[in-house]
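Keeping their order, the protein sequence lines are chains A and B.
Letter by letter, the first sequence follows residues 1 to 663 in UniProt numbering.
Letter by letter, the second sequence follows residues 1 to 663 in UniProt numbering.
Just so you know, the hints here were simulated from the structure itself, not pulled from any lab data.
Among the hints, a few may not be true.
Lysine-lysine pairs mimicking PhoX-like chemistry, simulated, CA-CA at most 25 Å apart [said to hold, decoys possible]:
| id | chain 1 | residue 1 | chain 2 | residue 2 |
| --- | --- | --- | --- | --- |
| 1 | A | K258 | B | K356 |
| 2 | B | K356 | B | K391 |
| 3 | A | K258 | B | K391 |
Number of protein chains: 2
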Amino acid sequence: MTSREQHDRMANAIRFLSMDAVEKAQSGHPGLPMGCADIATVLFTRFLKYDAKNPHWPDRDRFILSAGHGSMLLYSLLYLTGYEDITLDQIKHFRQVGSRTAGHPEYGHAAGIETTTGPLGQGLANSVGFALGERIMNAAFGNDLVDHYTYVLAGDGCLMEGVSQEAIALAGHLKLNKLIVFWDNNNISIDGPVSLADNTDQVARFQASGWNASHIDGQDPEAIAYAIEAARHSDKPTMIACKTTIGFGAPTKAGTNKAHGSPLGAAEIAGARKFFSWDYPPFEVPADILDAWRDAGKTGVKARADWEGRLAKADAQLRSEFERRISGTLPANFDAVITDYKKKLAADKPKVATRKSSEMALEIINGAVPETIGGSADLTGSNNTKTSQTKNITSDDYGQRYVHYGVREHGMAAALNGLTLHGGLIAYGGTFMCFSDYARPSMRLASLMGIRSIFVMTHDSIGLGEDGPTHQPVEHLAALRAIPNHNVFRPADAVETAECWQLALEQEKTPSTLALTRQNLPTVRNDFVAENLSRQGAYQLAAASGDAAVTIFASGSEVEIALAAREALEKHGHPTRVVSVPCFELFDKQSADYRKKTIGNAPIKIAIEAGIRQGWDHFIGTDGIFIGMTGFGASGTIEQLYPHFGITAEATVKAAEARLHGE
Amino acid sequence: MTSREQHDRMANAIRFLSMDAVEKAQSGHPGLPMGCADIATVLFTRFLKYDAKNPHWPDRDRFILSAGHGSMLLYSLLYLTGYEDITLDQIKHFRQVGSRTAGHPEYGHAAGIETTTGPLGQGLANSVGFALGERIMNAAFGNDLVDHYTYVLAGDGCLMEGVSQEAIALAGHLKLNKLIVFWDNNNISIDGPVSLADNTDQVARFQASGWNASHIDGQDPEAIAYAIEAARHSDKPTMIACKTTIGFGAPTKAGTNKAHGSPLGAAEIAGARKFFSWDYPPFEVPADILDAWRDAGKTGVKARADWEGRLAKADAQLRSEFERRISGTLPANFDAVITDYKKKLAADKPKVATRKSSEMALEIINGAVPETIGGSADLTGSNNTKTSQTKNITSDDYGQRYVHYGVREHGMAAALNGLTLHGGLIAYGGTFMCFSDYARPSMRLASLMGIRSIFVMTHDSIGLGEDGPTHQPVEHLAALRAIPNHNVFRPADAVETAECWQLALEQEKTPSTLALTRQNLPTVRNDFVAENLSRQGAYQLAAASGDAAVTIFASGSEVEIALAAREALEKHGHPTRVVSVPCFELFDKQSADYRKKTIGNAPIKIAIEAGIRQGWDHFIGTDGIFIGMTGFGASGTIEQLYPHFGITAEATVKAAEARLHGE
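The shape of chain A in the complex, shown without the other chains:
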């Protein structure tokens, strides 16, 4: 057998596993695996540095299937090369509840799935974080421990999505030359030929953003190998435009959108078997080909062993720091550092915006936790995301800790996910909360994957003032709280901000959003308490002088208003409690007793938040009083806006007393 025959048969193993699995599931996307099998075979047999039996080896090359609908390509590769999570049985149960082989590759379902993809453009945009993470870790730990490539397979859809431009511009700017993207240039999208909707010269576009880019025959193994070899020695990121045929080998559907997203049907598959002279029953891979694939899965064994040798011989402190960071564990003194800082705050009682409190907390955190990587989508001075420790990462110096992401909220969020998934880093990035809408698809994926990306969202209400309703979040707190497995923190002062940051860093399997004010706020937690009270999500901040007639729940900047309303109500003889609610999600995880006690039995329950009511009924019931927004904000000074929208202590007192007097 010539090496070309061997290549073809190995590639065909991918093609038939993919066709057969989609056919059995009666659901899925055979076209991409059939068209890209050559690219994948060349990559996984000749270039990718991996060890299928040790899939978490930190210095492995990463392979990211950005065109996630082609999941059977990845599952086939993982099975063929011998990853233990993906057995033939898993392939046979493609797209069934309980299988690791979900419709789209899901991070955590199996080793070898580096990130969750499917929503188009996300994998490509994640890859910028992966490739940047590699460079940052390389700068910290040297070539001996960190030196790997990030390979991406992206489709036409990935490149049409706007986030692709954010990603490629950022990668080009940062000269991430170990990032290598294959574009599956098959001219077909779901609606038909790509030319129905696009005539972009993608190669020229990537070049305009600082990439190497060129066209190749994406089904010619030697052309693929040559292009990869060149890309590995480039000083820029590389995009290889691989001309392929979608559904290659399907007699009538190849090259058409009919091969994209549905089972080919028995006749087409039979035709493909004939075309490829593949005389094996469904799911059967001939022994010699399976052996060849299993050998490919072992090509990295030596490299991995050598790497382990180098790690073992490395300076003990360096090694233990590397291992700590890769494990995701915080430094041992982290809690003590935060507690000390809280003591200082209790003494200082700063009256600053929580965005400033966040900067102060980060100054402490970034000093204690060397793996944090900060950044902002061109709002550094407004998001207060930069501290004394975080200098700019540039293409000349990856040994720093701050990324100017540009006006690219979506690309930033996707890159944060990539940095986080790479391992060894804790990444946070800032923008205005209103623009969380731009970043939302990636924020959702962080939640679905269960990873520790941290989103710093300042200017969290009408309190931002004159920029007006285009910039004023109203529905965003509710919309972010709606995302499962996403902690939305809205601290009320510098103490809660420190506590919320502590919690965000602790949560290894939940991303966090910190909602922070533009405007100054007083310290409401005046007495030092070692315990992180925000951990409970909601807690009694001020007790009533007697049996509570009123309980006021509030978050963030409105806690100050709640306390002022309480004071007035108490003066008028109405015992009133205040409950601070920095995090709905953590409150929901408390015991029923704690929740019941915290909500309490006051006949009048009020919630104050400069956002919409949605979600607050949980605390105040459907007949509770809500002081907040019912529509969009307005452009004006903060002094104008809070009274304009009736979010004041006076309005709260008035509403409470109207109810107390039975109106």
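Since the structure of chain A is provided, determine the placement of chain B on it from the hints.
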């Protein structure tokens, strides 16, 4: 005075009004108006076709300030040229509550503000819809009635946002040659030099997407004029990269990020006055310059009068159709057409997915309403957005009614807004509901502007099956309902789908989202009722056999489950009502009596929706039973998934009976 001196002084009037207004407000962005005053002056004095006293003239050229933070540029122009909405007093009350001169330009606040901008990239992406709308209307009504340009001023931020790539790729593909974009190429973003985050060759990038693009000195009036003249005769859209100095004229802040987003301060403004020899007090424009500007505001008077003459002489039917469409009024027979269709449905009782019901409704609507423009972000066959009347719009044929937007959900949503704002068209576009996240920033702006964009969101729950949690909306209904002034419709069958489409088309000041299923559903509205019952947002679909022990609220695909649960509960002797809830927002607008009656007094209230609970407490109270999702979905067949997540009639009955038995 030479014409250059005249130009300079006219441009300086913009500069000083902008500096002075920002200074008085102590808030705002002086840098862009100072740098772009020359571009604006050339455009508004020599090219733009407008009549300041008749600002709604349908055939005016459009000017879109995509870099919306430079709002004082636009307000200055509107005041100087004599738009009545923007008086000097408005300029003096820049960014104050109640002023038309909001922080960012807000559609509806003043004539001449063609779209709301501020969130970066949106204006540029809207402009694709404006320019396409012009071509579509031109094809329908001819050069005599529709023949105008769309000019856009975009900043570095607009071009860094991913949506810009979606927009320019689409505009290039459609060869929208009457779209002319000025890029304020000032090298400065908020964090500092653009080079901190970007090295993109923007001219090359636009060229790669099928645009003309070239560099000019953006402060040389003749270079600007020459470039505009060339652009107006191009067969492609044009991007003019205008090299400018941000804050031009400010002695120490010009050319730096200090001129971007804060008042310059008295010393800088005094320095600028000296630099430009502008010896007038704040807000004063010398009479000769104001006169010259007011004359510019009248340059379109003749063109407008000529146009009115042509309209008056046009074929009477064409004229009345043009006027009807521009007014936004539906055809007179629209209601009758829908009522007839509902009669047919009551007879046919189709058992189809609501995405198919939507296609059936659109087949009727597109036949009756010639101004609808359909489209999809590359999911035409899945979104069912195409009907027999809507053939593809191409660069060779704008006289059609369907846009293949490509895999560009965000660009599509922004283009829908532009098509809608252009006037004369009703635009809808489809994607999977999960990817409403990608489109969300533009969907929010549609809501803020109060315009009739229609978003068709199919595959609206775990019911989509095998594609898995990356594609299964869970939080999206809640998140979309959170947006103020946005009607989220989730019809239960073909009849409700027709009603919801009718409502979406009727709502001239509220955008709509239609949430539609992939899976088949039975007709639940079996008897013909002429009245649009969905108009109330929620209504009793099935009465209880006696005093209701249980009320079940449900939307969309879960109404079928609610009816099955009701049947079982009735059989077990528990009188049970079912309330169908196609639209929360419309229900909230009903009378208190209607709402009270519809919610009713049943001791047990249950809501069923294959999404999260958030928002449903409004119907069932905090102690109501919710049958739905609490986290992300899974990949599997629909037959597996509904039982897997406990969303079944059996689970509903069990939960009800447990409560009935006091468990």
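### Query
Within 25 Å, alpha carbon to alpha carbon, are A/K258 and B/K356?
OK: A/K258 and B/K356 at ~20 Å, within 25 Å.
### Query
Has the given pair, A/K258 with B/K391, been kept, meaning a C-alpha gap of at most 25 Å?
holds, 20 Å
### Task
Take a quick look at whether B/K356 and B/K391 sit within 25 Å of each other, Cα to Cα.
Between B/K356 and B/K391 the Cα gap is close to 18 Å, so the pair holds against 25 Å.
The structure fails none of the hints (numbered hints given earlier).
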